[in-house]
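Which chain is which? The protein sequence lines are S and Y, in order. Under the numbering used here, read the first sequence as residues 1 to 96, first letter to last. Under the numbering used here, read the second sequence as residues 1 to 599, first letter to last.
Because the hints were derived from the structure by calculation, they are not lab data. All C-beta atoms, glycine included, are put in the ideal place defined by N, C-alpha and C. One should not assume that every hint holds.
[Claimed, not checked] Calculated pairs, DMTMM-like style, for lysine to aspartate or glutamate (alpha carbon to alpha carbon, straight line, at most 25 Å):
#1 S:Lys-38 <-> Y:Glu-56
#2 Y:Lys-62 <-> S:Glu-37
#3 Y:Lys-353 <-> S:Glu-64
#4 Y:Lys-257 <-> Y:Glu-275
#5 S:Lys-31 <-> Y:Glu-324
#6 S:Lys-35 <-> Y:Glu-554
#7 S:Lys-35 <-> Y:Asp-243
#8 S:Lys-31 <-> Y:Asp-74
#9 Y:Lys-125 <-> Y:Glu-195
#10 S:Lys-31 <-> Y:Asp-338
#11 S:Lys-31 <-> Y:Asp-243
#12 Y:Lys-353 <-> Y:Glu-316
#13 Y:Lys-258 <-> Y:Asp-278
#14 Y:Lys-51 <-> S:Glu-79
#15 Y:Lys-270 <-> Y:Asp-243
#16 Y:Lys-268 <-> Y:Glu-316
#17 S:Lys-31 <-> Y:Glu-195
#18 S:Lys-31 <-> Y:Asp-140
#19 S:Lys-31 <-> Y:Glu-237
#20 Y:Lys-125 <-> S:Glu-68
[Said to hold, decoys possible] Selected chain Y positions facing chain S (Cβ under 8 Å, derived; list incomplete):
#21 Ala-81
#22 Asp-85
#23 Pro-94
#24 Val-123
#25 Lys-125
#26 Phe-461
#27 Gly-532
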Amino acid sequence: MMEQTQTGHRATVTIPNSLGLHLRPASQLVKIASKYEKCDVFLTKDGQSINAKSIMGVIMLAAEQGSELILEANGEGSEEAIRELVALIESGFGET
Amino acid sequence: MTPTAPKPASRTYQGIAVSPGIYIGKIHVYDPVQTVVPHHLVSARAIENEKKHLREALAKAKEELQRLRERVRDTLDEAHASIFDPQLMILEDPAVVDSAVERIEKNQENASRAFMTIIRQFVDKFSSVGDPYLASRNSDILDVGNRVCQHLAQVQPESSSALQFDSEVIVLARDLSPSDTAQMDQLHVKGFATELGGPTSHTAILAKALEIPAVVGLGPFLAGLKTGTQTIIDGYEGTITIDPSPREIARARQRRKKHLVHERYLQKLKHLPAETIDGYRVDLAANVELPIEIPHVLAHGAEGIGLFRTEFQYLENDRLPGEEELFEVYRKVVEVMDPHPVIFRTIDLGGDKFLGALQTGRELNPFLGLRAIRLCLAHPEVFRTQLRAILRASAHGSARIMFPMISNVAEVRQAREMLDEVAADLRRERIPFDEEIQIGVMIEIPSAAITADQLAREVDFFSIGTNDLIQYTLAVDRGNEQVAHLYEPFHPAILRLIRNTIDAAQREGIWVGLCGEMSANPLCALLLLGMGIDELSMGALAIPEIKRLIRQVELTDARRLVEEVYSLRTAEEIREHVLQAYRGLQRKRARAGGMLRAI
Chain S
1 MMEQTQTGHR ATVTIPNSLG LHLRPASQLV KIASKYEKCD VFLTKDGQSI
51 NAKSIMGVIM LAAEQGSELI LEANGEGSEE AIRELVALIE SGFGET
Chain Y
1 MTPTAPKPAS RTYQGIAVSP GIYIGKIHVY DPVQTVVPHH LVSARAIENE
51 KKHLREALAK AKEELQRLRE RVRDTLDEAH ASIFDPQLMI LEDPAVVDSA
101 VERIEKNQEN ASRAFMTIIR QFVDKFSSVG DPYLASRNSD ILDVGNRVCQ
151 HLAQVQPESS SALQFDSEVI VLARDLSPSD TAQMDQLHVK GFATELGGPT
201 SHTAILAKAL EIPAVVGLGP FLAGLKTGTQ TIIDGYEGTI TIDPSPREIA
251 RARQRRKKHL VHERYLQKLK HLPAETIDGY RVDLAANVEL PIEIPHVLAH
301 GAEGIGLFRT EFQYLENDRL PGEEELFEVY RKVVEVMDPH PVIFRTIDLG
351 GDKFLGALQT GRELNPFLGL RAIRLCLAHP EVFRTQLRAI LRASAHGSAR
401 IMFPMISNVA EVRQAREMLD EVAADLRRER IPFDEEIQIG VMIEIPSAAI
451 TADQLAREVD FFSIGTNDLI QYTLAVDRGN EQVAHLYEPF HPAILRLIRN
501 TIDAAQREGI WVGLCGEMSA NPLCALLLLG MGIDELSMGA LAIPEIKRLI
551 RQVELTDARR LVEEVYSLRT AEEIREHVLQ AYRGLQRKRA RAGGMLRAI
């Protein structure tokens with residue numbers, strides 16, 4: 001569910017694909033987040049926040065299947081950014 | 001060297017043989033991390049300049065990686081090319097680039113020092129997490145760091161120049177990255193040996209494609225080795241011998257000669273059928289682990305792929321491949337082999353091959369656990385994706401499907417039911433596939449061999465998987481040195497199970513093949529022939545040898561041999577009896593002046 005924040009938008013998602021955020025999904029996620037140049041996108045897992053435009057950061061999260069992630073976007077296009085990222089994650093990155 | 005100078009003893013290292021061949025020559029020790037890049041501090045005025053250098057180096061590195069990516073896409077395919085994507089993303093990663101810029105600004109470090117420090121921080125973090133997956137990415141990340149630093153030092157990255165040679169060499173390295181192998185001087189590199197790596201590493205794949213010997217997983221052996229040292233690489237035995245003695249060289253030459261003679265002989269046999277003197281024909285097919293082996297398979301005269309192992313796409317990237325990705329590989333294989341059939345064995349993970357995505361719980365007894373068909377039935381979506389890909393490929397040539405680790409009829413029915421559902425979906429979507437596709441099962445569990453008559457009514461063919469059948473029947477783990485000697489293909493129980501399976505298949509009118517290592521053993525093949533096997537599938541290298549054997553014998557002799565050994569009680573007696581018979585047959589042929597003599 002997406003909610004509005006003071007500076008942008010936020011959503012909580014669960015990683016559905018069985019391998020979690022490994023290299024390929026991580027690069028898909030970074031690719032989308034990077035499209036929103038005027039918007040900061042963050043991923044938070046277990047209190048650790050990282051820049052979603054950083055492949056190293058996303059891999060470092062080591063988010064496994066079932067882990068809960070908070071997506072936050074602040075700035076221009078934040079609603080669209082969150083919507084697109086949630087759709088990507090919920091689709092399981094095209095994996096099972 | 002004068003004759004009196006003491007010559008240091010040669011050293012032989014054992015690794016994993018991943019590509020056959022023997023080469024004797026000079027080595028090149030490849031160490032890409034050893035480039036000298038100046039690391040120092042800069043004046044405040046030079047800060048802007050350093051930032052500019054960094055941006056330029058990043059752009060150059062990116063250009064270079066993109067070129068490599070294209071090259072791999074052109075020579076292999078998109079899936080292999082995408083190996084470079086994460087490296088490309090690192091070059092644009094703000095956590096890397098911005099942090100490096102920050103170090104230049106705040107600490108007045110020069111660009112290479114700033115960039116490499118950041119790269120090393122990530123490598124250290126990834127190593128400390130204790131996740132083998134993260135740790136395995138480190139060589140890719142370091143590769144990016146080195147590439148950028150080499151541009152900063154305005155030298156050509158070593159990987160584009162250092163792997164070009166004037167004369168023939170064996171390349172020795174700790175590990176070879178995709179970019180190293182993509183730029184390898186194919187004319188002069190005559191072998192690879194690496195400390196790391198396994199049978200599915202890039203090194204292995206490339207070496208097989210180039211048909212040069214390769215040995216991987218040698219463990220630490222590079223320290224102190226000098227480029228130019230004479231070395232033997234033996235891609236049959238999986239060894240390298242540094243600074244060999246004249247005797248070792250002579251032996252390697254002899255072995256190489258033997259293999260070359262064999263190669264020539266193979267050429268002669270290639271187009272002849274595997275048919276006994278009295279006209280009984282056996283199909284000789286190949287077991288295939290990676291698609292890149294296929295040219296090799298055809299070169300050895302295989303009349304099909306009797307076992308196409310489908311696990312590599314799951315293990316290579318440690319993730320579940322999508323339907324399209326699977327389909328592309330399956331389609332190509334089927335097309336290249338057409339009109340010969342390709343038997344796709346559905347996912348056989350578990351046992352000793354694991355995929356984190358599917359196997360979460362630890363098993364006390366993985367070989368008796370959630371393996372192969374059991375795993376697939378427990379993950380219907382994964383199974384359906386694969387079945388769809390195989391069915392779609394069946395429209396492009398001759399494909400067959402084989403279910404591994406079947407232990408009872410219910411499993412076959414369940415698997416077939418899923419296959420029917422997938423087929424119905426395809427019909428609805430008007431996607432073509434072979435409606436007559438043959439469905440078979442592997443007979444590798446004793447219960448399946450014992451109830452072969454019942455299973456035979458459910459399927460179109462059997463393939464006997466003797467490696468597992470022997471382990472399960474004799475309760476022997478071949479990998480356990482203390483009991484490995486009990487692993488015995490000539491055990492009367494094994495021969496009876498195989499015979500029972502073949503008899504049941506014949507009574508029910510289905511064909512039966514065998515795809516374990518027994519196929520490649522001439523003595524076993526002789527017995528199997530006598531039992532009435534229809535197909536033998538083996539590593540492609542063994543095909544000519546077995547073909548020669550079959551062409552030298554009469555079916556009636558092989559049948560008699562089966563009867564003779566049936567009453568023998570020990571494996572030793574059986575083996576000895578078959579060996580004597582085999583020698584006798586060869587002598588008989590030699591006397592008869594058979595056109596094909598033993599080499």
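Against the structure, the hints come out as follows:
1. Between Lys-38 of chain S and Glu-56 of chain Y, the direct Cα distance comes to roughly 24 Å. Compliance with the 25 Å bound is thereby established for this hinted pair.
2. About 20 Å separates the Cα atoms of Lys-62 of chain Y and Glu-37 of chain S, which keeps this hinted pair within 25 Å; it holds.
3. In summary, the hint linking Lys-353 of chain Y to Glu-64 of chain S is supported, as the alpha carbons are separated by about 20 Å, within the 25 Å threshold.
4. As the CA atoms of Lys-257 of chain Y and Glu-275 of chain Y are separated by approximately 28 Å, the hinted pair breaks the 25 Å bound.
5. The straight-line distance between the Cα atoms of Lys-31 of chain S and Glu-324 of chain Y is roughly 21 Å, inside the 25 Å bound, and the hint therefore holds.
6. For a cut-off of 25 Å, the pair hint linking Lys-35 of chain S to Glu-554 of chain Y is broken: about 71 Å separates their Cα positions.
7. Restraint check for Lys-35 of chain S and Asp-243 of chain Y: the C-alpha separation of about 56 Å exceeds 25 Å, so the hint is violated.
8. A hinted pair counts as satisfied when its Cα atoms are at most 25 Å apart, and Lys-31 of chain S with Asp-74 of chain Y qualifies at roughly 24 Å.
9. With a C-alpha separation of about 24 Å, the suggested pair Lys-125 of chain Y and Glu-195 of chain Y falls inside the 25 Å cut-off, and the hint holds.
10. Proposed proximity of Lys-31 of chain S and Asp-338 of chain Y is contradicted: the alpha carbons are some 40 Å apart, above 25 Å.
11. At most 25 Å may separate the alpha-carbon atoms for a hinted pair to count; Lys-31 of chain S and Asp-243 of chain Y exceed this at roughly 50 Å.
12. With a C-alpha separation of about 12 Å, the suggested pairing of Lys-353 of chain Y with Glu-316 of chain Y holds against the 25 Å cut-off.
13. For the hint pairing Lys-258 of chain Y with Asp-278 of chain Y, the CA-to-CA distance comes to about 30 Å; that exceeds 25 Å, so the pair is violated.
14. The suggested pairing of Lys-51 of chain Y with Glu-79 of chain S is violated, with an alpha-carbon distance near 34 Å, which exceeds 25 Å.
15. The suggested pairing of Lys-270 of chain Y with Asp-243 of chain Y is violated, with an alpha-carbon distance near 37 Å, which exceeds 25 Å.
16. Restraint check for Lys-268 of chain Y and Glu-316 of chain Y: the C-alpha separation of about 36 Å exceeds 25 Å, so the hint is violated.
17. Note on Lys-31 of chain S and Glu-195 of chain Y: the hinted pairing is violated, with a Cα-Cα distance of about 35 Å set against a maximum of 25 Å.
18. Using a Cα cut-off of 25 Å, the hinted pair Lys-31 of chain S and Asp-140 of chain Y holds, with the two alpha carbons roughly 19 Å apart.
19. A threshold of 25 Å between alpha carbons decides the hint, and for Lys-31 of chain S with Glu-237 of chain Y the separation of about 45 Å lies outside it, so the pair is violated.
20. Note on Lys-125 of chain Y and Glu-68 of chain S: the hinted pairing holds, with a Cα-Cα distance of about 22 Å set against a maximum of 25 Å.
21. Here the hint on Ala-81 of chain Y is broken, as its CB sits about 13 Å from the closest CB of chain S, past 8 Å.
22. Below 8 Å, beta-carbon pairs count as interface contacts, and Asp-85 of chain Y has one with chain S at about 5 Å; its hint therefore holds.
23. Interface restraint check: Pro-94 of chain Y against chain S, minimum CB-CB distance 5 Å, threshold 8 Å, status holds.
24. At its closest, the beta carbon of Val-123 of chain Y sits 10 Å from a beta carbon of chain S; the interface hint therefore is violated under the 8 Å criterion.
25. For Lys-125 of chain Y, the shortest C-beta to C-beta distance to chain S is roughly 7 Å, which falls under 8 Å, so the interface hint holds.
26. Taking 8 Å as the C-beta contact cut-off toward chain S, the hint placing Phe-461 of chain Y at the interface is violated, the least distance being around 29 Å.
27. Evaluation of the Gly-532 of chain Y hint against chain S yields a violated restraint, the C-beta minimum of about 42 Å exceeding 8 Å.
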